[in-house]
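Peer 1: So you can see what is in the structure, the chains are spelled out below.
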Amino acid sequence: MTNLTVTSAMELSMDIRKEIEEKFSGMLRDTVCAEYLIDEKLLGGIVVFDGTRVYDGSVRTKLENLREKIYE
Amino acid sequence: MSNSYEFITDELKKQIESHIHENPKTEAGRIIACGDGVITIDGLKNVRNGELLYITGGNYALAMNLEENYIGAILLTDMEELSEGMYVYCTGEIVSVPVGKELLGRVINPLGEVLDGGPSLRTKRHRNIEYPAPAILNRGRVNEPLYTGIRALDSMVPIGKGQRELIIGDRQTGKTAIAIDTIVNQKDKNVICVYVAIGQKASTVNSVIHSLKKHKALSYTVVVCSTASQTAPLQYIAPYTGTAIAEEFMYEGKDVLIVYDDLSKHAVAYRTISLLLQRPAGREAYPGDVFYIHSRLLERSAKLSESLGGGSITALPIIETLAGDISAYIPTNVISITDGQIYLETDLFNSGMRPAINVGLSVSRVGGSAQCKAMRRVSGAVRLELAHYREMAQFTQFGADLDEETKATLAKGARLTESLKQSQYSPVPMSEMVTELYIMTHDMITDIPVEEIRGFMTGFFEFLSVTDRSILQRIEKTKQFTEQDEKDINEILLAYRKLKHYE
Numbered sequence: 031m032t033n034l035t036v037t038s039a040m041e042l043s044m045d046i047r048k049e050i051e052e053k054f055s056g057m058l059r060d061t062v063c064a065e066y067l068i069d070e071k072l073l074g075g076i077v078v079f080d081g082t083r084v085y086d087g088s089v090r091t092k093l094e095n096l097r098e099k100i101y102e
Numbered sequence: 007m008s009n010s011y012e013f014i015t016d017e018l019k020k021q022i023e024s025h026i027h028e029n030p031k032t033e034a035g036r037i038i039a040c041g042d043g044v045i046t047i048d049g050l051k052n053v054r055n056g057e058l059l060y061i062t063g064g065n066y067a068l069a070m071n072l073e074e075n076y077i078g079a080i081l082l083t084d085m086e087e088l089s090e091g092m093y094v095y096c097t098g099e100i101v102s103v104p105v106g107k108e109l110l111g112r113v114i115n116p117l118g119e120v121l122d123g124g125p126s127l128r129t130k131r132h133r134n135i136e137y138p139a140p141a142i143l144n145r146g147r148v149n150e151p152l153y154t155g156i157r158a159l160d161s162m163v164p165i166g167k168g169q170r171e172l173i174i175g176d177r178q179t180g181k182t183a184i185a186i187d188t189i190v191n192q193k194d195k196n197v198i199c200v201y202v203a204i205g206q207k208a209s210t211v212n213s214v215i216h217s218l219k220k221h222k223a224l225s226y227t228v229v230v231c232s233t234a235s236q237t238a239p240l241q242y243i244a245p246y247t248g249t250a251i252a253e254e255f256m257y258e259g260k261d262v263l264i265v266y267d268d269l270s271k272h273a274v275a276y277r278t279i280s281l282l283l284q285r286p287a288g289r290e291a292y293p294g295d296v297f298y299i300h301s302r303l304l305e306r307s308a309k310l311s312e313s314l315g316g317g318s319i320t321a322l323p324i325i326e327t328l329a330g331d332i333s334a335y336i337p338t339n340v341i342s343i344t345d346g347q348i349y350l351e352t353d354l355f356n357s358g359m360r361p362a363i364n365v366g367l368s369v370s371r372v373g374g375s376a377q378c379k380a381m382r383r384v385s386g387a388v389r390l391e392l393a394h395y396r397e398m399a400q401f402t403q404f405g406a407d408l409d410e411e412t413k414a415t416l417a418k419g420a421r422l423t424e425s426l427k428q429s430q431y432s433p434v435p436m437s438e439m440v441t442e443l444y445i446m447t448h449d450m451i452t453d454i455p456v457e458e459i460r461g462f463m464t465g466f467f468e469f470l471s472v473t474d475r476s477i478l479q480r481i482e483k484t485k486q487f488t489e490q491d492e493k494d495i496n497e498i499l500l501a502y503r504k505l506k507h508y509e
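Protein chains in written order, with our numbering: chain B, 31 to 102; chain V, 7 to 509.
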C-alpha cells in the first residue's frame, strides 16, 4: 500500500478525493491511502507526494516556473 | 492588426502551457526536522552520498548521512525560510563551482558566488568540488623550486612546486604573513595563487585582500572566502572549492600555489557538522574521519607528469596551535600528511626574530632536491652552523668563561640569525639571497657590528645594483654560483667597504 499526501489550497470535495485516489491507484498499480492537508500558499491546484515523487500541480509552482522562464 | 495580436497571445499561451507543466523527473523527500544548519529528510531512497539536494524555494543542501529510514543533510544556504514538510529533490549532481581564468582577481564564496561587488562570473566551465587525487603514475617528480622570497625558508626549508608544506604556530606568530609574502613573491613568475580563508574574521580577510591589492598580487590570485559568520557547511566546503579552482589550472599545465588559512578551523567546522548529524565523537570530540577530510584534500596537491602537462599545485596549509602544542590531534594529523612544516614560535616572534621560524623544528622533506645549484652551494652550511650555534647558546647561558672558538661560533651564529631577519612584504630574489648567504657564511663581514648587518647588506645591494647588475642577472639566469661570481662579489664588496670606510 502506498501512502499519499495530498496538499491543496482549499478543502477538497469527496468526489475529487475519490477521483485522485483512483487515478493514483491506477498509475502506481497499488492501493493507496491518502492524507489531506491544506496550504493556502499553493493558491490553487494540488500537490501529491507518494513517498518518492512529488506531482506538483499547484498554481504557485506554475507561476514560479513561468517567472524563471521569463528571466531566462 | 487584431489578428496578429491574437496570434501573439496564442503563441505565448502555448509556450507558457508547455513550460509550466513539468512532470516529476527526480526523486523527492520531505523535511521531517530542521535546525542548526542540519535537516533530516524522509524519503529519497536512491540519493547518493555527497549529492546536492534542492529544496523548494531555492535552497540547497548536501546529503551527508544515509540512514535506513531517513537522510541527514547539511544546508548550504540560509535556513530562515525552511519548514517541516517542505519537499527536497535529488539533483543527481555534486556541488560544483565555476572555474577558469575569469576568476583571477576575484573574491568568491565557497559556492562560487561573487563577493567583491564586481560583475557576475561568466565562466565556461564548472568543476566538482570533490575530485580524486592524481594517480601514482600521473605524478611527476618535485624538482623545481617555488620561491617564497623569505631568506630563512628558501635557504633552509626549500619548497618545491607540487609540495605540501605546513605552516604551524600559535596565534599572532606571522603564519598568514608568510603565506601572503609567498603569494606576493609569485609576481611575474607565472604562478597562479588561490587563497582560501576558512572561518576567518571578515576584517582579517579584508585586510589580506587589501594588502594583496596594494602589492599588485590580486591580479593573479583567487580569494575563496568563508568568514566566521557563515555556517559550518560553507566553511567545510571552502577548501575543496579552492582546490577545484586550483585543479582546473593545474590540469591546464600551469603552476598553482594554494593557501588554506586555516585547517584547524576547517576541522572545527567539520566537527560541528558531525556532532549535529549525531556521528560518534572521538578524540577531542572530532569524528573518526577527520584525518581523511584533510588527507583527501591535500593529496590533490601534486606535481603532474610531463605527459599530463606538468602542472602543479603547491599547498601551504596553515594550522593554529594552542600554547605551542604540536602534539594535539589536528596538528599531528596534518604534520603527518604534509611533506614538511614551517614551525613558528611566539618567543622568537617577541624577541624580534621575524619571520619567527624555528629552524630546528622546521623541515622540508622533498624541497632539497628542488633547490637550484646556486642555492644548494651556499645554503648547505647555514643549517649546520645555526644548529651548532643554538646548541652552544643554550650551553653558555650560564655565563661561564668561554674559549675563543666558542666565542667565534656564537658571534657567527648571532650574525647569521640577524641576517635572516626580514620585514613583511619584502621578498628577496634568489640571486640576492645566494649572494648574501655567500658573504655571511664566508666570514667576510665579521667586523660589522651585529645590529648594523641589515643596514650594511641593504646598502651593499643598492651599491651592487648601480655598479654591476650583471652578476645577479647571471645567477638568476644560469641558476649557478661559480667561482667567477665569488671573485666578482669579493671585489665589489671591497669597493663598497672602501666607499663606506669599513676597512
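Calculated from the structure, these hints are not laboratory results.
It cannot be assumed that every hint is accurate.
Taking lysine-lysine and the DSBU-like style, the derived pairs with C-alpha atoms no more than 30 Å apart in a straight line are [to be verified]:
1) B:99 x V:20
2) B:92 x V:219
3) V:222 x V:107
4) V:51 x B:92
One side only, chain V facing chain B, incomplete, derived with CB under 7 Å [what the hints assert, rightly or not]:
5) 49
6) 90
7) 337
8) 395
Positions of the beta carbon are idealized from the N, C-alpha and C atoms, including for glycine.
Peer 1: Does each hint fit the structure? Answer for all of them.
Peer 2: These are the hints, each one checked on the structure:
For the hint pairing residue 99 (chain B) with residue 20 (chain V), the CA-to-CA distance comes to about 13 Å; that is within 30 Å, so the pair holds. Proposed proximity of residue 92 (chain B) and residue 219 (chain V) is contradicted: the alpha carbons are some 47 Å apart, above 30 Å. A distance of roughly 17 Å separates the Cα atoms of residue 222 (chain V) and residue 107 (chain V); the hinted pair therefore holds under the 30 Å criterion. Restraint check for residue 51 (chain V) and residue 92 (chain B): satisfied, since their Cα atoms lie roughly 27 Å apart, inside the 30 Å limit.
The restraint placing residue 49 (chain V) at the interface with chain B holds, with a minimum CB-CB distance near 6 Å, inside the 7 Å limit. The interface hint given for residue 90 (chain V) is broken, as the beta carbon of that residue sits about 12 Å from the closest beta carbon of chain B, more than 7 Å. A least Cβ separation of about 46 Å between residue 337 (chain V) and chain B goes past the 7 Å threshold, and the interface hint is therefore violated. At about 68 Å, the closest approach between the beta carbon of residue 395 (chain V) and any beta carbon in chain B exceeds 7 Å, and the interface hint on this residue is violated.
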